[in-house]
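Enquirer: Starting from the structure of chain A, add chain B where the hints point.
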Amino acid sequence: MSLIELNNVDISFASKGKKKGSVNALVGMNLTIDEGEIIAVVGESGCGKTTLGKVIADIYRPTKGEVLFHGKDIHKLSKKEYQEYRLGVQMVHQDSYAALNPNKTIAQSLILPLLRHKLAKNNEEALDILFEYFNEVGLNPPELFLEKYPHQLSGGQRQRILLARALSVRPKLIVADEPVSMVDVSLRISLLNLMAKMNQKYKISFIYITHDLGTARYIAAHGKIMVMYLGRMIESNKIQEAIKNPMHPYFQALVAAVPEADSRRSEFAKELPLRSLDMPDLLNLPEGCKFHPRCPYYKDICMQEEPKLRKLNGGIVACHRAEECMKKTETEE
Amino acid sequence: MDPILEIKNLCIDFQTNRGIIRACDDVSVNFNRGDIIGIIGESGSGKTTLASGILKTIRAPGRIARGEILYHTQKGEIIDLLKLSEHEYAKHRWTNITTVFQAAQNVLNPTLKVKDHFIETAMAHDTDKKLTKKKILEKAAMLLSQVRLEERILNSYPHQLSGGMKQRTIIALSLLLEPDIIILDEPTTALDVITQWYIIDILRKIHEETGITMIFMTHDVSIIGSVVDRIGVMYCGQLVEYGKVEDVFSKPSHSYTFGLMNAVPSLKDDITKRKAITGYPPNLLELPKGCRFGPRCFLSNDGVCKSEEINITDMIDVGNEQLTLCPHWKKVKEQCH
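Respectively, the protein sequence lines represent chains A and B. Its first residue numbered 1, the first sequence is counted upward by one per residue in my numbering. Its first residue numbered 1001, the second sequence is counted upward by one per residue in my numbering.
No lab work stands behind these hints, which were simulated from the structure alone. Model, not experiment: these values are computed from the prediction. Glycine is no exception: its CB is placed at the ideal position from the N, C-alpha and C atoms. None of the hints are false.
Quick partial rundown of chain A residues pointing at chain B, CB under 7 angstroms, derived from the structure:
| hint | residue |
| --- | --- |
| 1 | Glu-44 |
| 2 | Leu-187 |
| 3 | Ile-189 |
| 4 | Ser-190 |
| 5 | Gly-214 |
| 6 | Ala-257 |
Listed below are the simulated DSS-like cross-link pairs for lysine-lysine, each with C-alpha atoms no more than 27 angstroms apart in a straight line:
| hint | chain 1 | residue 1 | chain 2 | residue 2 |
| --- | --- | --- | --- | --- |
| 7 | A | Lys-308 | A | Lys-327 |
| 8 | A | Lys-197 | B | Lys-1273 |
| 9 | B | Lys-1275 | A | Lys-201 |
| 10 | B | Lys-1130 | B | Lys-1075 |
| 11 | A | Lys-224 | B | Lys-1273 |
| 12 | B | Lys-1244 | B | Lys-1333 |
Label-pair restraints from in silico Cβ distances:
| hint | chain 1 | residue 1 | chain 2 | residue 2 | range |
| --- | --- | --- | --- | --- | --- |
| 13 | A | Pro-286 | B | Ile-1316 | 55 to 61 angstroms |
| 14 | A | Leu-115 | B | Gln-1015 | 39 to 45 angstroms |
| 15 | A | Gln-240 | B | Gln-1015 | 50 to 56 angstroms |
| 16 | B | Thr-1073 | A | Gln-108 | 54 to 60 angstroms |
| 17 | B | Glu-1308 | A | Leu-87 | 43 to 49 angstroms |
| 18 | B | Asp-1229 | A | Asn-7 | 50 to 56 angstroms |
| 19 | A | Ser-276 | B | Lys-1083 | 45 to 51 angstroms |
| 20 | A | Leu-115 | B | Lys-1306 | 43 to 49 angstroms |
| 21 | A | Ser-276 | B | Ile-1316 | 45 to 51 angstroms |
Extracted from the complex, chain A is given alone in its bound form:
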């Protein structure tokens, strides 16, 4: 049985501005997360990545569809089971400064959940647990960090503390929402490696949400990648295969847009395979395939019928013309 399962989840937010209507942040999302699995979720800003993470952690309630934990709907669990789910799914946020109470020391902030959930009987026991995890995430010596306030620490250190906080309640799944986007480049890899190590050691599953494809490859080296566009999953595959042979034209553009530091490794992409660089109005989505106004390969069918996810090349893709698109990019190369 899979750890978490999303069945046809829809989420829509009502728009109260001048233009009435609703924004569909997630549409017909199906996803299964197995124990010990890493899934990287990528897409442009506004595509619903964070909403997906928040649905998994039960911060947003789906408008339609259900979220299953060990096969049971999370809104029909008994109180005890629900608590087990809540502890089992932890989040690591993007802004590490906003995620920690500025008026409390790190120790004060981190001991509380351990006592509340009876993972420790008293402060001493809680501190022992924290020492163990602080060593694990590379904050040595722990006592130096526990007595500090969040503003006294650097971004990289705070991000490690968030990870230690999530680990300290022994979760089954960590939803990491852009955990390294505010961390300096020189320290990003060490955090990604750390998450990969935690995955190996404790068999914790990860949902890694990012707009940076480059980093996705490091944490999810053996995992899956899922590409989102306007609230829909449009492609999913094993990560190495997906980046080598992107199937959906949108994902092809995304891969082409990733810059390479060393100019010897690759040239600056002269052109992106896109017709338009701007996203459509979220309140007024196009008919048919939602990507066709930007797609260079579109045909009549794309304007009329929304493509469904189908199997291709070991993964799944939602595009009428994926085969042709892949062939075109191959011949161009």
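Expert: What follows is chain B alone, placed relative to chain A:
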């Protein structure tokens, strides 16, 4: 080579309760006319301070302790920007030297339409009072098309534009007075990859057409690596390396440069080769003795260099216009490639 900016021994201090922080420490560098220059470094390394120093927008508690910034005008005059009075500098700021700030999305005034930004800027710098609104708007429309925006957005308010569109508007605004130098401080942070690619592509085209000198400040070398001509690396307020981009990438002469290049996540090569730099940058109030990168440097760990005994003052020319601060650069070159 035809220099446009010569920075000599620039020091910028910030007074804090616990002592003085020298955020820009003895930086000396020459920028050539028509080049695209990249300055990279971690947060807190002094990139933005250097940019503010060039623009002379340092405000208390910061102050420029010493140094010279020589600006070579198009007519061949040489002006020390730091000696100018506030009033005299205003003649150069935005007319000759402009900037696109970090988080530029918040620079636009939310109560003014885009066109009012253009009119206000042009009028403020029009000392002869010759310009008409019509002329300014014609120019604005031309610049907007250069950054691939439609003319109609002149009548929009900033909140009606997306992040990428605002950023492009500001780039157009910075080009309004036909400047010599444009300083871009993290121009693409907070934008996603496709918009980022688009902005860089626009800037590249503008450079091709006008030959304007561009100075990029960024912490993410992958954004600019394939666009810039020369690259400077900053660490803890010091410029530790400066040279042509190919040389800096293929033959780094400072181990921090090597570490930084090696830490950038990439889409293509073997993932096991990438490594973060060990440790954290030091507190600027408690700098290590001698070499500031010493505690994190692999050469120091290998015993090649006792970092606390090295007295670093000037940059060393290692050939081919590549400058470094590391006295053991030969060892670095041997071991890093």
